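**Student:** Listed here are the chains, written in short residue letters.
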Amino acid sequence: MTTQTHEGHYFVPNPSIYPAILSTGILLLVAGFILSITPDRDQTLAYLATPGKGMMLAGFLAIIYVLFGWFGKIVGESEGGKYKKWEDRSFRIGMIVFIASEVAFFAAFFGALFYMRVISVPEIANFDPQFTPYKDFLGTWPSAGPGGTVLGTEYKVPQFTPMGAWGIPAINTLLLLTSGATVTWAHWGLLNSNRRQLIIGLMMTVALGIAFLFLQGYEYHHAYSELGLTLGSGAYGATFFMLTGFHGFHVTLGTIMLIVILARSMKGHFTADHHFGFEGVAWYWHFVDVVWLLLFVLVYWL
Amino acid sequence: MSTATAAHHHDDHPTGIMRWLTTTNHKDIGTMYLTFSLIMFLVGGSMILAVRAELFQPGLQLMQPEFFNQLIGVHALVMIFAALMPAATGFANWMLPLQLGAPDMALPRLNNWGFWLLPPAAILLTAPFILALFGIGDGAIATGWTFYTPLSVQGGIGVDFAIFAVHLLGISSVMGSINVLVTIFNMRAPGMTLMKMPLFAWGWMITAFLLIATIPVLAGAVTMLLTDRHFGTHFFDAAGGGDPILFQHLFWFFGHPEVYILLLPVWGLIPHILSAFSRKPTYGYKAQIYSFWAIGILSVVVWAHHFFTVGLPIPALLYFMYSTMAISLPLAVLFFCWIATMWKGSMTFETPMLFATGWIILFGIGGLTGLILADVAADAQYHHSYFVVAHFHYTLFAGGIMGIMAGVYYWLPKMTGHMYSETLGKLHFWLTAIAFNVTFIPQFFLGLAGMPRRIPDYALQFSEFNMISTIGAFTLGLSQLIMVYNIVRCVRGGKKAEAKVWEGAEGLEWTLPSPPPYHSFTEQPVIK
Numbered sequence: 001m002t003t004q005t006h007e008g009h010y011f012v013p014n015p016s017i018y019p020a021i022l023s024t025g026i027l028l029l030v031a032g033f034i035l036s037i038t039p040d041r042d043q044t045l046a047y048l049a050t051p052g053k054g055m056m057l058a059g060f061l062a063i064i065y066v067l068f069g070w071f072g073k074i075v076g077e078s079e080g081g082k083y084k085k086w087e088d089r090s091f092r093i094g095m096i097v098f099i100a101s102e103v104a105f106f107a108a109f110f111g112a113l114f115y116m117r118v119i120s121v122p123e124i125a126n127f128d129p130q131f132t133p134y135k136d137f138l139g140t141w142p143s144a145g146p147g148g149t150v151l152g153t154e155y156k157v158p159q160f161t162p163m164g165a166w167g168i169p170a171i172n173t174l175l176l177l178t179s180g181a182t183v184t185w186a187h188w189g190l191l192n193s194n195r196r197q198l199i200i201g202l203m204m205t206v207a208l209g210i211a212f213l214f215l216q217g218y219e220y221h222h223a224y225s226e227l228g229l230t231l232g233s234g235a236y237g238a239t240f241f242m243l244t245g246f247h248g249f250h251v252t253l254g255t256i257m258l259i260v261i262l263a264r265s266m267k268g269h270f271t272a273d274h275h276f277g278f279e280g281v282a283w284y285w286h287f288v289d290v291v292w293l294l295l296f297v298l299v300y301w302l
Numbered sequence: 303m304s305t306a307t308a309a310h311h312h313d314d315h316p317t318g319i320m321r322w323l324t325t326t327n328h329k330d331i332g333t334m335y336l337t338f339s340l341i342m343f344l345v346g347g348s349m350i351l352a353v354r355a356e357l358f359q360p361g362l363q364l365m366q367p368e369f370f371n372q373l374i375g376v377h378a379l380v381m382i383f384a385a386l387m388p389a390a391t392g393f394a395n396w397m398l399p400l401q402l403g404a405p406d407m408a409l410p411r412l413n414n415w416g417f418w419l420l421p422p423a424a425i426l427l428t429a430p431f432i433l434a435l436f437g438i439g440d441g442a443i444a445t446g447w448t449f450y451t452p453l454s455v456q457g458g459i460g461v462d463f464a465i466f467a468v469h470l471l472g473i474s475s476v477m478g479s480i481n482v483l484v485t486i487f488n489m490r491a492p493g494m495t496l497m498k499m500p501l502f503a504w505g506w507m508i509t510a511f512l513l514i515a516t517i518p519v520l521a522g523a524v525t526m527l528l529t530d531r532h533f534g535t536h537f538f539d540a541a542g543g544g545d546p547i548l549f550q551h552l553f554w555f556f557g558h559p560e561v562y563i564l565l566l567p568v569w570g571l572i573p574h575i576l577s578a579f580s581r582k583p584t585y586g587y588k589a590q591i592y593s594f595w596a597i598g599i600l601s602v603v604v605w606a607h608h609f610f611t612v613g614l615p616i617p618a619l620l621y622f623m624y625s626t627m628a629i630s631l632p633l634a635v636l637f638f639c640w641i642a643t644m645w646k647g648s649m650t651f652e653t654p655m656l657f658a659t660g661w662i663i664l665f666g667i668g669g670l671t672g673l674i675l676a677d678v679a680a681d682a683q684y685h686h687s688y689f690v691v692a693h694f695h696y697t698l699f700a701g702g703i704m705g706i707m708a709g710v711y712y713w714l715p716k717m718t719g720h721m722y723s724e725t726l727g728k729l730h731f732w733l734t735a736i737a738f739n740v741t742f743i744p745q746f747f748l749g750l751a752g753m754p755r756r757i758p759d760y761a762l763q764f765s766e767f768n769m770i771s772t773i774g775a776f777t778l779g780l781s782q783l784i785m786v787y788n789i790v791r792c793v794r795g796g797k798k799a800e801a802k803v804w805e806g807a808e809g810l811e812w813t814l815p816s817p818p819p820y821h822s823f824t825e826q827p828v829i830k
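Just so you know, the protein sequences line up as chains A and B, in that order.
Quick note: my numbering has the first sequence finishing at residue 302, numbered continuously throughout.
Quick note: my numbering has the second sequence finishing at residue 830, numbered continuously throughout.
Be careful, since some hints might not be right.
To be verified - With a cut-off of at most 30 Å between alpha-carbon atoms, the simulated DSBU-like pairs for lysine-lysine come out as follows: (1) A/K53 / A/K267; (2) A/K84 / B/K830; (3) A/K85 / B/K802.
Stated by the list, open to error - Listing some non-contacts, in silico: residues in chain B with all C-beta distances to chain A over 12 Å: (4) T326; (5) G416; (6) I465; (7) H551; (8) N739; (9) F747; (10) K798; (11) G806.
Calculated directly from the structure, the hints in this document are not laboratory data.
The structure displayed is predicted, hence computed values, not measured ones.
Beta carbons: idealized from backbone N, C-alpha and C, even for Gly.
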């Protein structure tokens, strides 16, 4: 990266109370969450659940307030012409680094999947036959483990049918790939100052995102009610639901972001040469897309 | 704390508590980070003094083993996440814009959020102690700072609090890293190429890359722990096909780079001090940058040396042993450069230089004892003994905190506009250096003799060394009050500091008055 010369001053925002409120909201949310899940393990603390839920609600409302306020302020500053090329470059680098950290987060769960499938499950099946406590365990994937006693309670290996790749997951792959194309098409519209194409492209992307989420919800329902596949289905269930669940959560966030960008486009925000807000969301959407392709291959298909 | 920039009331910002809650100014935020770090340093230190008091004699005198376990775990989490990391981030906030010729950090509001995530995290870490007094739960996390399963799956409410504290600290670190990287890549003065950048910025750049790559993995690991505890998953449970060792892999994939996350900012700042007080340019600027890169990259592929004794396959043991030892090569390059910077210089020993030179020796001991632990055969003997405790305190207290202290004395006149008391500074150094060795040299021998760590009681033959260690620890802890007093005195007044506080100091931060104006470089300087 070479040096650059800058025109004018860098925009340093005025003092803002939003970060402090956001942190308070997060503290309330997580402390409330801890209190509300404590009774699962210690019935004597059941009285904590209600105040815990109250704290969660208060924290959640504070976070929502900040999201509207803080992003509203950024949008206002952007439309007010505070952000020039120099600031724009900061946002771009920042977004790239943020997405890199998200990649590392998913890597932890893919790493867990790899470890269980390639190392721990086969190892449990390959103990010396004279000494193994898991005599009949074959260690084939998908696996819910050999069963045994966990913290004093018996874990019976649940019977489940693994999720096939070529039903809903394949349709979902198609939906997300198409949505990657539509958001790029919308971007071309923006670059050519064709606002109609921008708005239609974004609408299609949002619709595809919502369709994806709807199908995934249906898939989860199907897994729990008919396949016997749950979060508690050993190695396969844990990695399946945590990976697809965190991905689904990211699709949800991405869809909300796309809806915001769509609303801004309809209000006439963004120009052909000043639209980081749009691009940041598009990058995020492509990232979610790539994670899904890995999921489809490594979780559903292979 | 507010007097640091009190001379600039004409600048437009709220006053009182609102100034600190809402600030977007890199110096205010840096001051908050450093103050928070100092407070948590004293909190974490008090915890371990209670532990050392218990270990003064064999037998249980002061506390139950459960409480002992809570203290050592929270001590480590507090010192690593709430004392050492925020101190480095505080310096990054204060100094990067000054050193790079920037008006401020690149993303000021995010910067503020990064700081204000820390107090909630500190509350989450320590709250279980308080809740236990009201009969809620059985106290803080009692697994040590490593959260090892299955102990952490069985643990009480303290584990849940620690999990979410780590989440908040992680978000804070990621926000801080984003800010540092954007500032480095986008805010440098015209003409300052990356290869003209101060080494402190280089050290922080690699630190930020490591944080971005590894903190989210820790977040993932503790999330799996949470679901194992509460939502019926079997990530770390062989009955479900999982494995407790999986947690160790995930944890140390973060945990080993974390060591370099703590040390790289220090490696960046020490050369500035060595060069200033030797009145010579830094030796081997490029070699040091390449070494930073080499160590940064190696640090993410050596993690399993933290659990050699857990039953890894032999090829894995060999790989992790050799790759770990390979880190000593770039580190040796750094040691050579530090010594060569001083070679034939016209050296003076003000407090920062005392800390920097003492740091080289003590950190060197930390590095060399690490080589012993990296040896698979030797590690089988020393693993989980006090030898390990002594080793990582030589790297993290001497290598980390004493390096940060060198930076504190080096930059304090720049930040406050006043000179600190040199006499008290020197007294602080000598007491710290001596008491530190009195505390930890006996622990090497305790470890070699077979005393296990994390146990509140011990066999009689370990008594003398434990007594010496405890006396050293209390001296070390009390000596830090000299530094606190010196800092407070320096903030409140004293001899005026010049713009270029140290005769031999180089860098853009010394071209601004002491203290620097509220907004640093409103016009960027041009570097030739």
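**Student:** With reference to the structure, classify each hint as holding or not holding.
**Tutor:** A quick look at each hint next to the structure:
{"no.": "1", "hint": "A/K53 / A/K267", "result": "violated (37 Å)"}
{"no.": "2", "hint": "A/K84 / B/K830", "result": "holds (26 Å)"}
{"no.": "3", "hint": "A/K85 / B/K802", "result": "violated (34 Å)"}
{"no.": "4", "hint": "T326", "result": "violated (5 Å)"}
{"no.": "5", "hint": "G416", "result": "violated (8 Å)"}
{"no.": "6", "hint": "I465", "result": "violated (8 Å)"}
{"no.": "7", "hint": "H551", "result": "violated (7 Å)"}
{"no.": "8", "hint": "N739", "result": "holds (38 Å)"}
{"no.": "9", "hint": "F747", "result": "holds (38 Å)"}
{"no.": "10", "hint": "K798", "result": "holds (28 Å)"}
{"no.": "11", "hint": "G806", "result": "holds (27 Å)"}
Comparing the model with each numbered hint stated earlier shows that hints 1, 3, 4, 5, 6 and 7 do not hold.
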